[in-house]
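K.L.:
What follows is the residue order along each chain.
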Amino acid sequence: MTSTTPATSATSTVAPAVSVTAVDKVFSTKAGEVTALTGIDLAVAPGEFVSLIGPSGCGKSTLLRLIADLDAPSTGTVEVFGTSAHRARLDQKYGIAFQQAGLLPWRTVAGNIALPLELAGAPSAERAARVDELVALVGLGDFADRFPDQLSGGMQQRVAIARALAKKPALLLMDEPFGALDEMTREYMQTELLRIAADTGAAVVFVTHSIPEAVYLSDRVVVMSPRPGRIADIVTMNLGRTADRADDLREDGAFFEMITAVREALHGTPVSGARGVETR
Amino acid sequence: MTSTTPATSATSTVAPAVSVTAVDKVFSTKAGEVTALTGIDLAVAPGEFVSLIGPSGCGKSTLLRLIADLDAPSTGTVEVFGTSAHRARLDQKYGIAFQQAGLLPWRTVAGNIALPLELAGAPSAERAARVDELVALVGLGDFADRFPDQLSGGMQQRVAIARALAKKPALLLMDEPFGALDEMTREYMQTELLRIAADTGAAVVFVTHSIPEAVYLSDRVVVMSPRPGRIADIVTMNLGRTADRADDLREDGAFFEMITAVREALHGTPVSGARGVETR
Amino acid sequence: MTEAAIALVPPRRRARDRGARLRVWGWGLAGLFALGILWEAYKALGPADGVVVAGIRVLPRTSDLAMPHLWEMAGRMLEPVTRAEGANPLWLEIVLAASLTLGIAAAGWVVGVVVGVALAVVMQRWRIAESALLPWIVLSQTVPLIAFAPLVRSWGSRIEIGALEWQDWMSVAVIASYLAFFPVAVGALRGLQAPDRIHLELMHTYSVGWWQTLTRLRFPAAVPYLLPALRLAAANAVVGAVVAEVSTGLQGGIGRLVIQYAGQASGDPAKAWAPIAGAVALGLIAAGSVALLGIILRTYRRSEEQA
Amino acid sequence: SGSPGEAGGDDELTPVSLQLQWLPQGQFAGYFAAAEQGYFEEAGLDVEIIPSGGDIVPQDALSNGDVDYAIAWVPKVLGSIEAGANVTNIAQIFQRSGTLQVAWADSGIESVADFEGKKIGSWGFGNEWEIFAAMAEEGLDSTSVEIITQDFNMNAFLSGDIDAAQAMTYNEFAQVLETTNPDTGELYTEEDLNVISYEETVGAMLQDAIWADTERLESDEAYQETTVAFLKAVIKGWVYAAENPEEASQITIDAGSGWGPSHELWMVNETNKLIWPAPNGIGFIDETAYQNTVDAALSATNETGARLITEEPPASAWTNEYIEQALAELEEEGVDIYGESFAPIDVELLEGGN
Amino acid sequence: MTAATAAPMRDAPPNAAQRVLAPVVLGVVVIGVWQLLAGSGLVEAYLLPSPAAIGEQIVEFAPTMLSAAGITGLNALLGLVLGSLLGVLAALAASSARPVDGMLAPVVAALAVIPIVALAPVLNTMFGADSQVGRQLIAGLAAFVPVFITTARGLRQTQPVHRDLLRTYAASRWQIMRTITLRTAAPYTFTGIRLASSLAVISALVAEYFGGPRGGLGGLISTSAASSAYPRAWAYVVAAILLGLAFYLVTLALETAVSRRR
Ligand SMILES: Nc1ncnc2c1ncn2[C@@H]1O[C@H](COP(=O)(O)OP(=O)(O)OP(=O)(O)O)[C@@H](O)[C@H]1O
Ligand SMILES: Nc1ncnc2c1ncn2[C@@H]1O[C@H](COP(=O)(O)OP(=O)(O)OP(=O)(O)O)[C@@H](O)[C@H]1O
Ligand SMILES: Cc1ncc(C[n+]2csc(CCO)c2C)c(N)n1
Ligand SMILES: [Mg+2]
Ligand SMILES: [Mg+2]
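Those sequence lines, one after another, are chains A, B, C, D and E. Here the working numbering is used: the first residue of the first sequence is 1, the next is one more, and so on. Here the working numbering is used: the first residue of the second sequence is 281, the next is one more, and so on. Here the working numbering is used: the first residue of the third sequence is 561, the next is one more, and so on. Here the working numbering is used: the first residue of the fourth sequence is 868, the next is one more, and so on. Here the working numbering is used: the first residue of the fifth sequence is 1222, the next is one more, and so on.
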């Protein structure tokens, strides 16, 4: 059940979408040094969907930020499609979405989606065409001229995803993008995300707190543990191709089995230890 | 599987903890009238644990607020322990907790828990004794003198629950109290809540978005549907006494069965209809 | 951040940030030093009659009359005010006058705070009162003080409550309070309206009334809004007291020295800058004193620190 | 306020308040001297001397009943009377106008007629009417000059912002003479300046006078008695100032004037010159001089076309009744109320007015 | 602000008509009582003229009032524009470099507490008593402080998620500044400008008390009061209030327009 090789077959000549090697991350704060990550090794194959799960503070966001080159590792290397994370950021090799949609409130849906294109200096005709495409992709065709405050939380997240896809990246980084949505909208968005990922063929690194979410979406679930943050286990989801998954999977026995598997990987320590999670 | 009578046997001479009869709630807003609830009938027996679940905007919070007498129904009656909701509020028959802990940041843990007692004019010795009891009950014995900003989210919620219990209410109203916690803390808090509810013998009306949460906690799950808000179904959880439930239940087949039952009650309409939920 | 705001940081954090604090002071001094250099450099290099563009003097004159050397201003502070025998040094005269004005401003501040908070409470209680009063409260600050200085003095002179006879300084304090009440009324109203809905509803479920909600919830929650308002009010009270002293001719205060030394500025240009320095120091001291209040009330500012 | 006679025992003093028109300074030396020398007390009065700031109008404070007497310039009060103030001039302390218009020696401004097209400084606050009256006599319209409001000092003049500055002989004129000429390093002298004195023009108007409440003068006997007693003490104060300018100057400094000793002494000395000698007795209102002031006031319009007064003031605007009584009693007591032998002293102004 | 349904603790919010009517009614009542008092002889009509008498003067001197308001208003406007520009530039400088922030701190703190009356005479000497520059500068200094403080705060409000996002787009410093930093700060700046607007007017007005060319509202208020023409003085005060109100409303409209979507 545990495996460190990508589920999707990848020949060694194709560079992995993400390759994290022997990474540590230490923050120095006023109170002293905080070791957020130690000894992280992880490879994500092109087109693969990998979720990161673990208790609060285990370093999920930190790991994602290292991949995005929003922070630099203290030791070790992070590569994206065979180049350094830094190079990959400059080349816009990935798209990113956070828990907060983070839309610019003074721009319309179309304006927000166009932002990365605008900043990259794309000609306006091309921009408009791409925005139309993306708006349709995330099912917001009628809302292109709305402002964020006129949208529901789920719709805002869809805009954020469209924006992340604007430059057709082969890698999507997502940090709890559905964390603020209600259960039903969330399930719907999960199915949408699988469809979009299949459409674009992008690899996805997805941070979540929710076991069912991780199970439903992923090829592999990376279970992390805190203090200091490290990879406790990597659980491969034996649920078939992500592109083929549909809502009825959620009532499937295999689904519940996988949930239990991830739960057990998470609770590697006895359950009462969880109390420690929220003491600080 | 569907039932409208309390699961816990209650003779007709004992007044139900909550009794909602033929309630409608219409808000008049600038944009016009919004029907939040129609034809709601619900009875909660003393000591019973009832969850309200449903998509965003279906009126869960509104129903809870009617029971708490924070709003008045447009038609119909709401009774709490045989008296009007209004009388029950004045008599402090219930304790309440929200998604945000809502602690007063300038009061310590002890000060926050003491607040309802103070306002009711309880003598200070009695108050101190009760606070000690409550602090111990929610497992925060060492944190009585801390301020809220020195606590984790889960600890804050525990303080909020202790506060809600301060006046020994026989009814607890909770609106997504664990909505802001991470999955692991959340599971831990659920088990804690069951223990506390068993200890105090209080009935609980619990609003949530999470199906596993509703299933794990409840004697009965009230499934609501929106536009206008009404009770679509009431699902009785065949999982034994709530007081006896423990973490291993989460990996039990019966548990998954109940989850599927609630899911199906929720998706009474075809899944694609869910898109409507987030359009506004 | 203003210096006054820095003074408001509670001691706990201060001690931890001793190095940062030193840096703040260091840069602050550097800023003042730079300003001084700028002054002297322009005085040395700028044309005596200033820089005139299209008939408009865009940069000031550099004559000794218009821009005395900094060292002359400083040196003048040490010399006696006048040649009269036993005359105090100028700085002492400024300190004495400033302390009188500070006392009057403090009285005006207290009156302003009481009135401002009372108005805020009324506006919080009745929304219609907020609608009716708030525009006028805003407009009140566009009435030039000087327009009613004589009125206040005249009405005051008719007030005699038992042994308490109206004193001229009280007129000045009343005028000072006119500037002080404004930020308090606005800030306190915002503060009283600040509690989260969840807190208000909690109080409601405890079935407590308006008054208890006010004292237990609204006032404590208003503290983070009230403190900057009180600080602004302190600065305003000083400005108001100085203006009112000029306006009514009250003796002994810094305002009086402002006009008096301005009258002597032709022959003694450096002297006129002394009361300005005094007024600024006074304002900073007044605003800084409110910081003490912030330390006393620090429990009520926890949410602020988090932010 | 009661009267010195009737109120209680002999040791009980009648409280009286006097509103000045500016900060304490040598211009008001007589009143401070009367207080310091005990003349008020001797007259059975407990006098509070109230200085004023920029916005306190003495005649209004009086008219409102805030004070019992006020010092103010005649033309300004005439305006107030037309606006409704009910006050009476009971003693014309200054017999002459002390207002000058000062220009640089090389400016070509030698008389009021040269004002045309120039920037003329004035303090405003009603002090500008003398200028307009003098200009009217020369056939100059008030719009033919640009009036600039002067500050509390002479910097506008010294920096060349205005061509001719308004100056009182006793104050602002001295301010110029206390200033170092940056070109020479020496103090400016009278040779550097062209000085136009309004006393020599038709624009001359009566200045510091003591004003009382008309209604109370008519109906309140105690007030009438107090008025005479008050005037007597004030006159003794001014006589003291004439005979002892140095002491008088020290008294005003002690009373809160912020000027240095040389400037203060200059001010007392120049003020004395405006009062003494007083051919009709100090404070006596010369009907011709009064009428000249009224005529000048009637003739003047300011740059907005507004006029100080539009009609003759009422007869109640002045009376010699009380000053005559005071003078008579003082003459009997042997006080020199004419100051025929008055001789001004020489005062050396020192740098900075300190 | 609590929502409508937090009604338990507060009375119902007034509707739009009530919100507009309430201050008007209060104003009319106060003016009415004032008129009655002024007519009753309880208050000296001479010192506190009746609203009717003030109204008459307003009508009579309307043209002078207008031109005076023009002079004072222009000074205030130039000061407001200058002060706001300097405030924004200084705040940008302060936010871009910590040392600049530290160096500006004491200067701004001092400016925030300086009484205009103290500064007016020296500025008149520095810039010439025959020009309006001193007054405009005073209005500018008064406006500078709130604009600087609010803008500096606004520049610190950029959301971390926005900053991260722009970094992932490999945006340049200038692009970041333009697309998020400035745009986020704009509503704060305009709040500052609104606060500064009445300050600029009152400062320009008060500066006129300390010499300079005549013809502005401040000068006319003092001249009228000095000649006991109190109804006229108050008429000019009313004009001053209206001028302040005009500035306030215009800047409020700007603020509302800019902060419609934060
Ligand atoms: N910029 C930073 N400076 C200092 N410490 C940091 C910083 N960012 C993260 N940390 C610390 O690193 C650890 C990991 O944080 P991280 O945000 O990656 O956790 P997470 O798994 O994303 O948690 P959550 O589920 O709450 O989002 C935590 O202990 C956190 O306090
Ligand atoms: N005070 C109010 N005024 C007007 N409409 C309201 C008010 N409160 C609730 N509503 C409306 O009533 C409906 C039910 O709202 P409610 O908050 O009860 O939903 P909910 O089930 O609690 O949703 P969520 O899961 O998002 O908390 C919604 O359409 C909402 O917009
Ligand atoms: C603000 C102000 N400035 C000047 C005067 C005019 N003034 C009155 S008495 C006097 C004599 C010399 O000091 C002068 C010049 C005033 N009244 N108020
Ligand atoms: Mg995270
Ligand atoms: Mg809800």
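I should point out that these hints are in silico values taken from the structure, not numbers from a laboratory. Mixed in with the good hints, there may be bad ones.
As the list claims (entries may be wrong) - Derived pair list, reagent style SDA-like, types lysine to any residue, alpha-carbon separation capped at 20 Å:
#	chain 1	residue 1	chain 2	residue 2
1	A	LYS168	A	ALA72
2	B	LYS310	E	ALA1391
3	C	LYS603	D	PRO1049
4	D	LYS985	D	ASN1061
5	A	LYS30	C	ARG578
6	A	LYS168	E	ILE1370
7	A	LYS93	A	ASP199
8	D	LYS985	E	ALA1391
What the hints assert, rightly or not - Far from chain C, by Cβ distances over 10 Å, these chain E residues were calculated:
#	residue
9	LEU1257
10	ALA1339
11	LEU1403
Quantities reported herein were computed from a predicted structural model and do not represent experimental measurements. C-beta atoms are modelled at their ideal positions from N, C-alpha and C, and glycine is treated no differently.
K.L.:
None of the hints should be skipped; say for each whether it holds.
P.N.:
Verification of the supplied hints:
no. : hint                 : in the structure
1   : A/LYS168 / A/ALA72   : 25 Å, violated
2   : B/LYS310 / E/ALA1391 : 44 Å, violated
3   : C/LYS603 / D/PRO1049 : 15 Å, holds
4   : D/LYS985 / D/ASN1061 : 15 Å, holds
5   : A/LYS30 / C/ARG578   : 12 Å, holds
6   : A/LYS168 / E/ILE1370 : 42 Å, violated
7   : A/LYS93 / A/ASP199   : 17 Å, holds
8   : D/LYS985 / E/ALA1391 : 65 Å, violated
9   : LEU1257              : 18 Å, holds
10  : ALA1339              : 5 Å, violated
11  : LEU1403              : 20 Å, holds
In the structure shown, a violation is registered for the earlier hints numbered 1, 2, 6, 8 and 10, in ascending order.
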